[in-house]
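K.L.:
Read off the chains here:
Number of protein chains: 2
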Amino acid sequence: MFGKCFHPPDSPSSYLGFLQKNNNLEERSRIVSSFKERTAKNLLSCDNSGGEARFRRTESDFSNLYARGRSQPCSSCWRSWKSSPATSGRPLTGLPRSWTSTIPTSCWRASRASTWSSLTSLSLWSRSYRVSFTCSSSSSLLLVWFRFTYEIAPVFVLMEQLTLKKMREIVGWPDGEGDGIFSPGGAISNMYSVMIARYKFFPEVKTKGMAAAPRLVLFTSEHSHYSIKKASAALGFGTENLILLNTDERGRVIPDDLEAKVIEAKRKGYVPLFVTATAGTTVYGAFDPINEIADICEKYNMWLHVDGAWGGGLLMSRKHRHKLNGVERANSVTWNPHKMMGVPLQCSAILVRERGLLQGCNSMCAGYLFQPDKQYDVTYDTGDKAIQCGRHVDIFKFWLMWKAKGTVGFEQHIDKCLDLSAYLYNKIKNREGFKMVFKGEPQHTNVCFWYIPPSLRSLPDGEERRQRLHKVAPKIKAMMMESGTTMVGYQPQGDKVNFFRMVISNPAATRSDIDFLVEEIERLGHDL
Amino acid sequence: MFGKCFHPPDSPSSYLGFLQKNNNLEERSRIVSSFKERTAKNLLSCDNSGGEARFRRTESDFSNLYARGRSQPCSSCWRSWKSSPATSGRPLTGLPRSWTSTIPTSCWRASRASTWSSLTSLSLWSRSYRVSFTCSSSSSLLLVWFRFTYEIAPVFVLMEQLTLKKMREIVGWPDGEGDGIFSPGGAISNMYSVMIARYKFFPEVKTKGMAAAPRLVLFTSEHSHYSIKKASAALGFGTENLILLNTDERGRVIPDDLEAKVIEAKRKGYVPLFVTATAGTTVYGAFDPINEIADICEKYNMWLHVDGAWGGGLLMSRKHRHKLNGVERANSVTWNPHKMMGVPLQCSAILVRERGLLQGCNSMCAGYLFQPDKQYDVTYDTGDKAIQCGRHVDIFKFWLMWKAKGTVGFEQHIDKCLDLSAYLYNKIKNREGFKMVFKGEPQHTNVCFWYIPPSLRSLPDGEERRQRLHKVAPKIKAMMMESGTTMVGYQPQGDKVNFFRMVISNPAATRSDIDFLVEEIERLGHDL
Numbered sequence: 001m002f003g004k005c006f007h008p009p010d011s012p013s014s015y016l017g018f019l020q021k022n023n024n025l026e027e028r029s030r031i032v033s034s035f036k037e038r039t040a041k042n043l044l045s046c047d048n049s050g051g052e053a054r055f056r057r058t059e060s061d062f063s064n065l066y067a068r069g070r071s072q073p074c075s076s077c078w079r080s081w082k083s084s085p086a087t088s089g090r091p092l093t094g095l096p097r098s099w100t101s102t103i104p105t106s107c108w109r110a111s112r113a114s115t116w117s118s119l120t121s122l123s124l125w126s127r128s129y130r131v132s133f134t135c136s137s138s139s140s141l142l143l144v145w146f147r148f149t150y151e152i153a154p155v156f157v158l159m160e161q162l163t164l165k166k167m168r169e170i171v172g173w174p175d176g177e178g179d180g181i182f183s184p185g186g187a188i189s190n191m192y193s194v195m196i197a198r199y200k201f202f203p204e205v206k207t208k209g210m211a212a213a214p215r216l217v218l219f220t221s222e223h224s225h226y227s228i229k230k231a232s233a234a235l236g237f238g239t240e241n242l243i244l245l246n247t248d249e250r251g252r253v254i255p256d257d258l259e260a261k262v263i264e265a266k267r268k269g270y271v272p273l274f275v276t277a278t279a280g281t282t283v284y285g286a287f288d289p290i291n292e293i294a295d296i297c298e299k300y301n302m303w304l305h306v307d308g309a310w311g312g313g314l315l316m317s318r319k320h321r322h323k324l325n326g327v328e329r330a331n332s333v334t335w336n337p338h339k340m341m342g343v344p345l346q347c348s349a350i351l352v353r354e355r356g357l358l359q360g361c362n363s364m365c366a367g368y369l370f371q372p373d374k375q376y377d378v379t380y381d382t383g384d385k386a387i388q389c390g391r392h393v394d395i396f397k398f399w400l401m402w403k404a405k406g407t408v409g410f411e412q413h414i415d416k417c418l419d420l421s422a423y424l425y426n427k428i429k430n431r432e433g434f435k436m437v438f439k440g441e442p443q444h445t446n447v448c449f450w451y452i453p454p455s456l457r458s459l460p461d462g463e464e465r466r467q468r469l470h471k472v473a474p475k476i477k478a479m480m481m482e483s484g485t486t487m488v489g490y491q492p493q494g495d496k497v498n499f500f501r502m503v504i505s506n507p508a509a510t511r512s513d514i515d516f517l518v519e520e521i522e523r524l525g526h527d528l
Numbered sequence: 001m002f003g004k005c006f007h008p009p010d011s012p013s014s015y016l017g018f019l020q021k022n023n024n025l026e027e028r029s030r031i032v033s034s035f036k037e038r039t040a041k042n043l044l045s046c047d048n049s050g051g052e053a054r055f056r057r058t059e060s061d062f063s064n065l066y067a068r069g070r071s072q073p074c075s076s077c078w079r080s081w082k083s084s085p086a087t088s089g090r091p092l093t094g095l096p097r098s099w100t101s102t103i104p105t106s107c108w109r110a111s112r113a114s115t116w117s118s119l120t121s122l123s124l125w126s127r128s129y130r131v132s133f134t135c136s137s138s139s140s141l142l143l144v145w146f147r148f149t150y151e152i153a154p155v156f157v158l159m160e161q162l163t164l165k166k167m168r169e170i171v172g173w174p175d176g177e178g179d180g181i182f183s184p185g186g187a188i189s190n191m192y193s194v195m196i197a198r199y200k201f202f203p204e205v206k207t208k209g210m211a212a213a214p215r216l217v218l219f220t221s222e223h224s225h226y227s228i229k230k231a232s233a234a235l236g237f238g239t240e241n242l243i244l245l246n247t248d249e250r251g252r253v254i255p256d257d258l259e260a261k262v263i264e265a266k267r268k269g270y271v272p273l274f275v276t277a278t279a280g281t282t283v284y285g286a287f288d289p290i291n292e293i294a295d296i297c298e299k300y301n302m303w304l305h306v307d308g309a310w311g312g313g314l315l316m317s318r319k320h321r322h323k324l325n326g327v328e329r330a331n332s333v334t335w336n337p338h339k340m341m342g343v344p345l346q347c348s349a350i351l352v353r354e355r356g357l358l359q360g361c362n363s364m365c366a367g368y369l370f371q372p373d374k375q376y377d378v379t380y381d382t383g384d385k386a387i388q389c390g391r392h393v394d395i396f397k398f399w400l401m402w403k404a405k406g407t408v409g410f411e412q413h414i415d416k417c418l419d420l421s422a423y424l425y426n427k428i429k430n431r432e433g434f435k436m437v438f439k440g441e442p443q444h445t446n447v448c449f450w451y452i453p454p455s456l457r458s459l460p461d462g463e464e465r466r467q468r469l470h471k472v473a474p475k476i477k478a479m480m481m482e483s484g485t486t487m488v489g490y491q492p493q494g495d496k497v498n499f500f501r502m503v504i505s506n507p508a509a510t511r512s513d514i515d516f517l518v519e520e521i522e523r524l525g526h527d528l
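Respectively, the protein sequence lines represent chains A and B. Each residue of the first sequence is one higher than the one before, counting from 1 in the numbering used here. Each residue of the second sequence is one higher than the one before, counting from 1 in the numbering used here.
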């Protein structure tokens, strides 16, 4: 898993073999692998040292791809294509050679990203297909193609499948087995997890509604993300049936509290259904003890969801992944590459250990999209698993980044951010005027602290000091925004008054950025 | 509303005035308008005739914007910025002049889209903010910035508000009053509508779950989009409590059937809650009679939702908007600019007539995002209305297109597509070997037809002919994909065997494209 980059499939030309029915995923992977070996020396590699030479290789490879006839024009090419007599692009087999030879090389140099995007949506260039759907040449820049069936976006569908499998391997599920989908954000991924859990234990709710189930209760940390609460409201459980679990001083769920509350719920006749363990809470960056929570879930037959929206990225780091020990025991996992791994928003995956639940839970078998008599293996039509119809192509950004950075690159990214947050923590933990919100080095990059202006330092603990301290962070943030130098968030939490929460997810940050932040807080807050 | 382009606000420099608390939307609009007047001659206009001259104007205007210090670099500029000693970008007030003067003009020429995107997210360039969040320079191309609070993406938040208001005006709600949000697709927008309706009539479901409500039933056309069914499953109603309404021969809901089924449901003790009228069904492109359905909704106190995901675009056309007559009586409307209006996926709006319901339904008041003690008017923090947390910036593509094409441009786009579909209909309605699925000119661009190969033409109506005809469209589609010339979808519907459904949403299509399609179907299907 480590020490070697994971290369997702390289080029759509390798996908033609996928069209045969009855190829399983492994066979398809072999097709991809053999293509990869042939072209590994030519294509964009995760070796970042090549500089100009790497660009040249990339370009020459793109020329091959034109010759294979799978590519997409800039707007001037588009115009020349439209005015050419031979405008019969071919779905699934690409554009005619006669046309592609007219593409000026400069068209491809302008934007590597747009060029890459052009390689991946074979079907949109057929003549009547563009009549129906492809509307705007700007879409080549905006990467907004959609898919719900394999025929519409075959390469994206396969990219998603292979990448999700790799993510499941990293979670620790044997052979990466299971299921999953990319969703529009962690809140929706968490919502999926609750839906699937309900479908697993009470499938009749799909047809008969919540009235068909007993009173179901859900459990989550008092520090968990508010999306769990939103899901409990939206899906018809009701927020009162989401039971909040106490945490220790550092914001980690106390397993004994979970068990006590499960027992209490059962005593009242409720049915404990679902537990979220958070891997990286929003405010403290805390990691709940997954193994201990998993023991309780097994004992009481509850679904275990790990919300790793924020902390899931640490699975890529050999140094830090132990914080998620036990994640392989989860029934579902939310993991947002758009957070700690720096993939541009949005890119969130819901991973599910048991195959078929997503499909069973959400499928409605829309006749106009999902016809069983299509000429290819329709198990690749992933749309019916989703609560959406068309989806944004979130996989592509992630795939491209993984391609460019490699697994090791993500690991370095994450280790760097955690090193920086440790630097910040060590810098301020004993610094005059600063007070940490919780003791000890943060588990994630969240560093939570109060700045105490000189005027408050001599005040005794008590309501007056609390009230005045509560106003300090908002004032400093307002001054930051006015002076335009920096911005850092604050919030209260439980009985703790407003404190700063600095999170670091950009590995391009430096220690001098951190130094600047601390000095700026002191400068702006000194006279409060 | 018509005859004159709607210009969304032009430049972020006009937004500085928005920061004062207590400005209402109208005052903010005035600030935008006055800025617009000043700069209307310089900025990208909806006059598409300018050619090179227009580009030059645009560039010179961007130079002004650098001087104002609000812009974003290409990756080489980014590197030079990082290595410069004065790297203190200012949130909400932009970048320092000293830095912006170093941007080479060529950097901006490469991509207008990326340049425009750069103008709209003021806060991401502050020093510590980029430490926390901004990770990838590729994001400048990918337009993937996020927002849940005004301070993160002030311009996008305001763009969204102004554009939603304009859409509500076009729907016909007085002064564009009401609420709304962009969501990741029509399926989610429709899900919102059901959630909001439930919250309006049974707000206690939010806290107590579906157990707190009586047995609620929903009504929708048998031809409606499957997302309504997905919503009824996901939200805990159960698909059996979604009652399907009969349609006439052309796929439009029969109002009498609705009333009869409402009465029947009440007789059983159920509570009729929600009715969807579809404006543009997926397969037939039918428009339900909204006014007659609205009468029944008023009579029985039910929520009326208009699913205009596909047909909402016709509101932009003076010639065709009568098909949605009565839409102003809806409580909520789904309208996907990414469909008929050609905005790149995804761009879907849920519009709500009553203000406050979205917020009431979904807000969870997450302390870490939504602090009441912020220095600006926190009613601009729209995140708590959504079931998502961060959202993709879908508004920007739409705004940009509206800017470029104008309302009149959208109208022409839509009229052209409907003209083309009428051309297809007239071409095949009496053509040998073709048979229309329903009589009369389609209401939308959906043209539904069978191709009957010569071998079937003499067969009498009956099971054998049906069975053989059922296989014709899949076979022709498979041959299309094999030969790579074109692709058109098919599906069965009710008791009708597989038929082709051609939809046209790209106004760049021509009559010769349509001719080609028809000839290709004849060529491929002749010997079946």
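Just so you know, these hints were derived from the structure itself, not from any lab. Be careful, since some hints might not be right.
All copies of an identical chain are treated as equivalent in the list; a pair is satisfied when it fits inside any one copy or across any two copies.
Said to hold, decoys possible - Computed cross-link-like contacts, BS3-like style, restricted to lysine-lysine with a CA-CA straight-line distance of at most 27 Å:
#: 1; residue 1: 261; residue 2: 299
#: 2; residue 1: 208; residue 2: 266
#: 3; residue 1: 229; residue 2: 208
#: 4; residue 1: 208; residue 2: 165
K.L.:
Now tell me, hint by hint, if it's right for this structure.
P.N.:
A quick look at each hint next to the structure:
Taking identical chains as interchangeable, the C-alpha atoms of residue 261 and residue 299 lie at most 27 Å apart only when both belong to the same chain, with a minimum of 14 Å there against 47 Å between chains. Proximity of residue 208 to residue 266 under the C-alpha cut-off of 27 Å is found in both arrangements, the shortest distances being 24 Å within a copy and 18 Å between copies. In this assembly of identical chains, the alpha carbons of residue 229 and residue 208 lie at most 27 Å apart whether taken from the same copy (23 Å) or from different copies (12 Å). Taking CA atoms no more than 27 Å apart as the test, residue 208 paired with residue 165 passes in neither setting, with 33 Å inside one copy and 38 Å between copies.
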